[in-house]
Amino acid sequence: MSDQRDRREKEAVARSAAGLVTDDQLVALGSGSTVALVAAALGERGSRARFAAASPATALAATSAGLTLVDDTTTARYDLAIDGADEVAADGWAVKGGGGAHTRERILISAADRFVCVVGASKLVDRLTWPVPLELQPFALASTVERLPGVVLRDAPPTADGGVLADLAVPLDDPAAVAARLDATPGIVDHGLFAPDVVRELLIAHGDHVEHRRR
Numbered sequence: 003m004s005d006q007r008d009r010r011e012k013e014a015v016a017r018s019a020a021g022l023v024t025d026d027q028l029v030a031l032g033s034g035s036t037v038a039l040v041a042a043a044l045g046e047r048g049s050r051a052r053f054a055a056a057s058p059a060t061a062l063a064a065t066s067a068g069l070t071l072v073d074d075t076t077t078a079r080y081d082l083a084i085d086g087a088d089e090v091a092a093d094g095w096a097v098k099g100g101g102g103a104h105t106r107e108r109i110l111i112s113a114a115d116r117f118v119c120v121v122g123a124s125k126l127v128d129r130l131t132w133p134v135p136l137e138l139q140p141f142a143l144a145s146t147v148e149r150l151p152g153v154v155l156r157d158a159p160p161t162a163d164g165g166v167l168a169d170l171a172v173p174l175d176d177p178a179a180v181a182a183r184l185d186a187t188p189g190i191v192d193h194g195l196f197a198p199d200v201v202r203e204l205l206i207a208h209g210d211h212v213e214h215r216r217r
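Per our numbering, the very first residue in the sequence shown carries number 3; after that it's consecutive.
Simulated restraints, written as ranges between beta carbons of each label pair:
(1) P58 with A178: 29 to 35 Å
(2) T24 with R183: 39 to 45 Å
(3) D5 with D163: 28 to 34 Å
(4) A123 with R202: 15 to 21 Å
(5) S124 with G152: 23 to 29 Å
(6) R216 with R79: 17 to 23 Å
(7) A179 with L71: 34 to 40 Å
(8) A179 with P159: 28 to 34 Å
(9) L62 with G209: 28 to 34 Å
(10) P198 with D157: 29 to 35 Å
(11) A92 with G152: 22 to 28 Å
Because the hints were derived from the structure by calculation, they are not lab data.
Computed from a predicted structure; not experimentally measured.
Beta carbons: idealized from backbone N, C-alpha and C, even for Gly.
Hey, can you work out the whole structure from these sequences and the hints?
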């Protein structure tokens, strides 16, 4: 896919996602380039909804678009969460976290009554192949790494919460088993595997056409 088509698909799905937001809502925005376009589209619509942002970059995109941010430390629930994904498999499992904000994204998604995942058609795959993004606790990092054969630490700044970013290349024939193992590994703050019961609603851009798919 050309960069131009990729950009066009992101803009199309961002406009569709913005159209789901009503002025009376509290909305959680994830992170990444598509979410930044969602923020821009909401700004163009003059949205009076209130927003939480999963990353400093999204917060900047939201405020630059004229959107109102809430205090995420005191807001318990959201009406809607909007975020992208790096891959979405046919069985409903998704990989998120290429941008390193998957811990905060999961927190916001879990606090929302509805989650809409926004992707281009190229993100749809038969089965997951991406390395699993990880956020690791910096304390006793060497011990955590030793428990994760094949893990590669990213050459990246710490997360907004001080975590260390890494990627784990592992077969994903059974994502549920991998997710359970990572959930049980001390030192892992969070991972980027999102289960089908979370990723139930998708906006998928096929060129300029956007498909609204519900599982």
